[in-house]
Every structure is written in C-alpha cells, then in structure tokens.
Amino acid sequence: MNKILLIFSFLPLVAHAQSTALEEHTNFWQEIARDSRQNPALHGVAFSSSFSQLDVEADWQRQSEAFVLEKGSGFLLPSACVDSYLRLSDQTAVWGHASYMNGRQHSVSWNSTSDFDLLKPYVLADTLGGDTQRERYRFEGGYATQLNRWLLGAEMLFRADHEYRDIDPRMRGIVNDLTLRVGAGYEKWNYRWAMAFEGNIYKQQNSVEFYRELGVIPEYQMTGLGTEYARFSGDKRSMHYDGGGVRLLFDVEPTQKSGFFGHLELGKRHYRRLVTENYTLPLTELYVQGVKAEIGVRSKEMGSRAIFVDFDYTKRSGDEHIVGTSATSSFPDLGVLTMYHNHRLTTSLTALYGKSFWNVLVRAGYKSDRERYAYPERRLETAHAFGEVSGEAFLKPSERWLLTCRLKSSYSACVSDDLAMPFADMKPAFVAMIRHNYDFAKAHYTDVSAQVRGDFALKNYGLFAELGGGFVHCSAGERQVSARVALGITF
Amino acid sequence: MRKKLFCLFVFLPFLAACHQDEDELFATAEIVLSAGDTLNIERVQGTARLTNLNSKQTTTSSDFDGTTLRLQLLRSSYSADVEGILRYRNRRGASFTKRIRAHSDYLALEKTGRNEAVLEIVFLE
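Those protein sequence lines, which keep their order, are chains C and L. So that you can map any letter, position 297 of the first sequence is 1762 in the working numbering, and since no number is skipped, the others follow by simple counting. So that you can map any letter, position 51 of the second sequence is 74 in the working numbering, and since no number is skipped, the others follow by simple counting.
Next up, chain L with everything else stripped away, as it sits in the complex:
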C-alpha cells in the first residue's frame, strides 16, 4: 500500500503536468458579405484575400456560395479584403450588377471549428 502511495505521489503529478500539444491548427472560416436587409443578393463573384496578422501569410479564395465564403485557415487573427462584382435585386424586383469592396482590419478566427465573420459591403459605383 505504501509503495502504491509513493508511486501515486511521485509519478502522477509529474505525468499529469506534461504539456498537451495543441495540434488542432485549422478552423473553418465563414466570411459573410452583408449589404443590409433591403437588398436581395443573388450572386457574388469576387476574390477574398485574408492575411494572417501574426505570420503575414495570405490566403486567397473566390469560392463564394451566395454571399458566404467558406475556407479552411490556420487559427489566428486576420485582416480581410474582398473585391468583386455583386448581382442583386431591390424591393421592386429590379436586378443590378455593381462592383463592390469589403474590408476588415481584424477578424478573430481563432476558435476550433466554425468561425463566422460578417463584412459590410461598400458599393463602388
């Protein structure tokens, strides 16, 4: 019994305190473009450029699904730039195509799993 207690006191605290590697490196980022409730956005064709603020590495993607871009990223904080063309309908059903831009200095995409960030659209025309 005494030997067991000895092992318990000596080894277990030591082993329990071993460092656990954080190997879950990637997160799913959902970048959502928003233009308010008045516009019905049909399609976005553009390129998003996300820059990791810590490593300065950049990731680009054009794979928009509606107004949402999903991509796998290294968990970190990012800045984001989106440029492209947007087609939308207004309340009366008229269709328009306009050049747009969206930008954010800071997006926290550090959580494991899903991270959502909303970017406000700026119309260039």
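Bound-form chain C, shown alone:
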C-alpha cells in the first residue's frame, strides 16, 4: 500500500485540485455511488457537472481454453455509443445512453440461448456449438428533479439483443428487455433518504435450426448440473422465455462531503421456459431472489477516504414441471418440483483513499457459489477468497491534455470446492462438460489490467483515445488476454 502511494506521489506533470467533468464522472468514487445511482432520484444529484461522450469502441477477449464452455472462449465486440448527463439547472438533470454493438462471440458450446448468466441453467444446448454473431441495441434515458427537500426521478432502460449462428447448428436468440425505475428521496438531518422501485419485463425467442439434414444433432433442454429434460430434448428446438421481476432499493447518503452511506436492495425475478409448439406448456421456471446491502463511511475533507462493506446474496431456484400425456398436442401440467438450487454469496470490505489527482482502492472479500440438483443428487460448490488493488491517476501534461491512467490487479484463491455427480449414469459428453467447468470454477485466478486514456480539449468539445489491456492467469494452466480501444469526442 505504501509503495503504491509512493509511486503515485512521484508522478510528474500533475494537475492540482482542478476537478474536470471527466474526473467527476469516471473516478473511483463512482464505485461508492454505483448502487445508489440506480435510484433515478439520486442519479439526478450524483454529478454537479454535465458530461457527454460519443465514441466508437471495440472490446476483444481471447481465452486459451473457454473458462466457462457456455460463454465461449472470447469475443470481438465493436460498438458505437453515446452517453450524456446534462444538468439543466441546479435542481434538474437528464441523462441518456444509446449504443449499437455488432460483434462475434467465439467457440460457444453447450449453450444455444442468449443471456446465459440470466437464464442459467435453463438453456438449450448442444455439444457442437461454434461462433455466434451478436447484435445489440441499448437505449436508456432518465429525468430527475428536486422540489425543495424532495428528490424525484424516473428512468427507462431498453435492450434488444439478437444473437445467431449462420452455420449448423443455427441458433437464434432474440431478446427484448425493458426496465422502468421510479425513485424518490427526502433530505433531512444532512442526509438523503431515498427509495426506488424497479419493474422489468423480459422476453426471448430462441430456436435452433439445421439446414443439413444429415448433420442434425440433439438439442438438450438443460436443467442444471449436466441434467436434461429428456422428454422434450432432441427435436424440440424452438423455445420462448418469458419473465421479469421487481426490485426495491433503499439508500441513505450524506448531503455534505462526509458521513455514512448505505444501500439495501431486495429483488426477485422469474423466468419461464415454454415450448413454442405447445405454447401454454412451461417446461421450467427459474426464480431469482436476492438481497444486497452496503454500508460505509466516507470523508472528502483533507483528501478523500472511504471504507465500506458489502454483502450480496442471490438464491436461484429452478422448478421443473411435471408434464402428463395426452392424445392431442396439449399436454396437461400436473405440478412442479424444485429440482435446482443455487446459492451465491459475495461479501467484501473496500477501502478508498485519494488526493485531488489520484485514487487508490483496496478490496478483500469472499465469494461462494453452491449448486445442487435434488435427484439424483448432484452438487458443485466452490468458494474463493479474493483481494484487489487498483489505482488511478489524472495527469495534466499541458492545459489542453488530460491523461487518465488506471491499473488493477487482483487475485482470487479457491479455498474450498466439492463435486458430487452420478458419473456412472451420465453420458460421456455431459461428464466432460461438467469436469471442464468444475476445473475452471475451482481454479485460482490472477488478473492484471491497465488502461490509459488521453483527452485533448478543443474550444467547445474534446477528443479522446483510450487503450486498455488485461491478462488473466488461471491455475488450470490456461490464460485470458483482453484489449479495448475507444476513440471519440466529449462535449
């Protein structure tokens, strides 16, 4: 820690105390306010300056072996984005985001469904897989205003995703994801007390087609930890996902430079998987319930300091429908069994320290991921302890130039792991998939990344270029390299 502080103290050409809009909108202190900004009422008072940015960027990642087979071994995702936060007055702010991304995901296998992280484990899957093409549109906009002591705000977020493969197996996933948030806050005793409500609607049309009749392979209706809904696996390749959920967010933050801050959110989501041929027949239902809390203290006097703890727990339960039989195509739905259980916990302690032109973040924590399938019993559990040190510096070589440098290093060590599977009763391909994902889930990870951004100020706008790179070493003997480049204007 002292060494890092020493390095930063010798950085040359340093600009003092002049906080730019860019610094305000991107520095580590936003890490503290990241959760509270989800409340649109607080987002309206999060920044004192306006800042807009239009850029084209490309993110590239390649893993020597896919860490998670369902997510693939890498991607190249170029995109064009515009972000804007405008202070219309001292009381009112509007913000928005629009982006279009068109890229490629490499070597995705055991997953023919978009949004794997959201819908896991209830995806369509095959052993072959391949690269997929991804297209994504995002539109977000919000408005917030202050009426005396009251803060009011609302925002809408929309995402449309289209993922497809143009060789067999030709998967296609078309996603519509709409989120609405309304929030309110009240200023009293030098604190802002705020609450927000979020509603979400999610839909996905998902299908897999084969153009070569001789090359048709089964599509499995996965039900978790290498199990499948065998009755509807094989030729049922057209699915529909229907879901959504709600969240309640509570926040408290100081109106002054110093004080305690806290965040609590309760959320639940529900996703149904239906067979399109039998539209009213749900095969599986995924219930996601979570609680997240953060509490800390911050001070921005005589340098900036903050320390906070956070806790994030998510329970995912999966119901499988008991389907009867019928002479017609309408199957009776006889009931449900909760077969899949997943408990995820992440907790960490974070400390931030900064001066006018640099900030350092240190974090240590613990995370666990426990998956269980009820019968025949299957279990996969891992727990990691992790630590992270990050630093950022804002350098000003001349009046017109601003350089932003960021370094991050982290280490995640597996402290316990457990795998129990009825391997003797499993198909060899499923065994290989489970073993692969388990090997990477229980590995230790070392992550180093760096990012440099140069901003050049012109009369009414600015130009910027950003370059970043990262390297992850996995103790399973594999590695990941990533790069990011962005060019754009700020105004």
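Some hints could be false.
To be verified - The calculated label-pair distances, taken between Cβ atoms and stated as ranges, are:
hint	chain 1	residue 1	chain 2	residue 2	range
1	L	Thr70	C	Ser1875	55 to 61 Å
2	L	Ile64	C	Glu1742	40 to 46 Å
3	C	Met1621	L	Lys134	44 to 50 Å
4	C	Thr1720	L	Gly136	58 to 64 Å
5	L	Arg137	C	Val1896	35 to 41 Å
6	C	Ser1875	L	Asp86	52 to 58 Å
7	L	Gly136	C	Glu1742	30 to 36 Å
8	C	Asp1883	L	Thr70	54 to 60 Å
9	L	Phe49	C	Met1621	42 to 48 Å
10	L	Asp86	C	Asp1883	31 to 37 Å
11	L	Val55	C	Val1711	45 to 51 Å
12	L	Gly136	C	Gly1680	46 to 52 Å
13	L	Ile64	C	Thr1790	25 to 31 Å
14	C	Cys1879	L	Gly136	52 to 58 Å
Said to hold, decoys possible - Once the Cα atoms are required to be at most 27 Å apart in a straight line, the calculated BS3-like pairs of lysine-lysine come out as:
hint	chain 1	residue 1	chain 2	residue 2
15	C	Lys1832	C	Lys1873
16	L	Lys79	C	Lys1701
17	C	Lys1765	C	Lys1536
18	L	Lys79	C	Lys1892
Honestly, the hints are just simulated from the structure, not real lab data. All figures in this text were calculated on a predicted structure; none of them were measured in a lab. Glycine included, C-beta positions come from ideal geometry on N, C-alpha and C.
Knowing the structure of chain C, use the given hints to seat chain L on it.
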C-alpha cells in the same frame, strides 16, 4: 403508526410473494395388478419397470406384496411394464401358475403421499 404502515405496505407484499420451493419430491406409488373378480391371486413373482416420461429414468422393483407393489418414486408421470409369474386359484379351488405381462403407457404418480395405479394383467399362456 405511519412508519408501521409504510413497512407493512412495502415489505410484506414483497416477502409474501417470495417463491416457495416445492421440495416434496417423492411419492409412494402403489401398483396393483388386477385380473378381475373371478380369480383369487395368491402370489406374484415378477419385475416392474417404471420409466419417468419426463426424465426417462427407470426404476425397477420386484418387491410384490400379494398383487401390490409399493415403491418410492420421484413425483412425475410414468409408463409401466410388469413381467413375471402369477399363481392363482379359480372358483373351484384349482391352483394355476402362469406367465403374465401388464403394461401402461401413462400413469400419473404426481401427487404427494399415496398414488394408486391399477394395471390389467395379460396372461401369456
């Protein structure tokens, strides 16, 4: 009072709507072999094979008690096959032993607790 009402309106509907896991996974299935009222079945020696229609997992058992087989199964819909030997007496008291088979494409064994299913016997000789 206002605070209590606030908690009531905000938290309770949220918590009440939490998903309740359905963890009662198993049912007791009673598979009864029937040959009508005219025969007095004394003993069945055979093997029943029940296939879960949804997961395709199979369960086999030979533990017949008279004409009834009781076993614990995952609640689901099943197909059933029984093959074996049956000893019975007819109305005049004569004893016979015959090979039998019983089959059903669909048995709904989805209820918690006891599920009874009756299979009609087919004599093979």
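Hint check:
Taking 55 to 61 Å as the suggested C-beta distance range, the pair Thr70/L and Ser1875/C conforms, at roughly 58 Å. Taking 40 to 46 Å as the suggested C-beta distance range, the pair Ile64/L and Glu1742/C conforms, at roughly 44 Å. Between Met1621/C and Lys134/L the beta carbons are some 45 Å apart, a value that agrees with the proposed interval 44 to 50 Å. Range check, Thr1720/C to Gly136/L: about 60 Å between beta-carbon atoms, so the 58 to 64 Å window is met.
Judged by the Cβ atoms, the range 35 to 41 Å given for Arg137/L and Val1896/C holds: they are separated by roughly 37 Å. At about 57 Å, the beta-carbon gap between Ser1875/C and Asp86/L stays in the expected band of 52 to 58 Å. At roughly 33 Å, the beta-carbon separation of Gly136/L and Glu1742/C lies within the given 30 to 36 Å, and the hint holds. Take Asp1883/C and Thr70/L: their Cβ atoms lie about 36 Å apart, and the range 54 to 60 Å is violated.
Range check, Phe49/L to Met1621/C: Cβ separation about 46 Å, and the 42 to 48 Å hint holds. Taken as a hint, the range 31 to 37 Å holds for the pair Asp86/L and Asp1883/C, whose Cβ atoms sit roughly 34 Å apart. As the Cβ distance of Val55/L to Val1711/C is approximately 48 Å, the hint placing it in 45 to 51 Å holds. Take Gly136/L and Gly1680/C: their Cβ atoms lie about 48 Å apart, and the range 46 to 52 Å holds.
For Ile64/L and Thr1790/C, the hinted distance range of 25 to 31 Å is satisfied, since their beta carbons lie about 29 Å from each other. At roughly 43 Å, the beta carbons of Cys1879/C and Gly136/L sit outside the given window of 52 to 58 Å. With a CA separation close to 19 Å, the supplied pair Lys1832/C and Lys1873/C stays within the 27 Å bound. Among the hinted pairs, Lys79/L with Lys1701/C is consistent with the structure: their alpha-carbon atoms are about 16 Å apart, no more than 27 Å.
For the hint linking Lys1765/C to Lys1536/C, the alpha-carbon distance of about 41 Å lies beyond 27 Å, and the restraint is violated. For a cut-off of 27 Å, the pair hint linking Lys79/L to Lys1892/C stands: about 13 Å separates their Cα positions.
Checked against the numbered hints given earlier, the structure breaks hints 8, 14, 17 and satisfies all the rest.
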